[in-house]
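Chemist: Whole structure, please, built from the sequences with the hints as guidance.
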Amino acid sequence: IYTLSLHDRLPISYYPTEANDPSPAYKTFQMLDGIDIYGGFEGWESSTDQRDLADANNATILSGDIDDDNDGDIKYVVTAANSRIDGFTVQKSDEPHNYYYPAGIYCENVTAVIANCRVKDNEEAGIKCYLESDDPKVV
3 IYTLSLHDRL PISYYPTEAN DPSPAYKTFQ MLDGIDIYGG FEGWESSTDQ
53 RDLADANNAT ILSGDIDDDN DGDIKYVVTA ANSRIDGFTV QKSDEPHNYY
103 YPAGIYCENV TAVIANCRVK DNEEAGIKCY LESDDPKVV
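The sequence shown maps to residues 3 to 141 in the working numbering.
Derived SDA-like pairs (lysine to any residue); straight-line CA-CA distance at most 25 Å:
1. 122 with 15
2. 29 with 63
3. 130 with 63
4. 29 with 84
5. 29 with 81
6. 130 with 62
7. 29 with 102
Calculated directly from the structure, the hints in this document are not laboratory data.
Modeler: In structure tokens form, the structure reads like this:
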């Protein structure tokens, strides 16, 4: 057993479902309109301006690799909304049935702000956006 001390810092990974989920492919971190989310904190900061996003130990990882076998299990790791995602690493999307192209972050008819994010190791696309509007916006 390894015990972390108060001063140990490790990247933290989050998954949209449990490893024993019998049908994980369509689980996602569903963002909500108007609710901004921020990652990349060490733990002492009181504002987003104090984050050190360059420090890999502060990484906040949203992962589609729920069974930890280094393979994606989730079609869309994050489904964006009319809000901001800032300071996350988004990784390991995959589409096990090959019906649609997977993506780390999926946007459909929303104005999402994706800032200070690393989107990596996704099967087809890092960020996939569909905009059906007379006035589409990509920020």
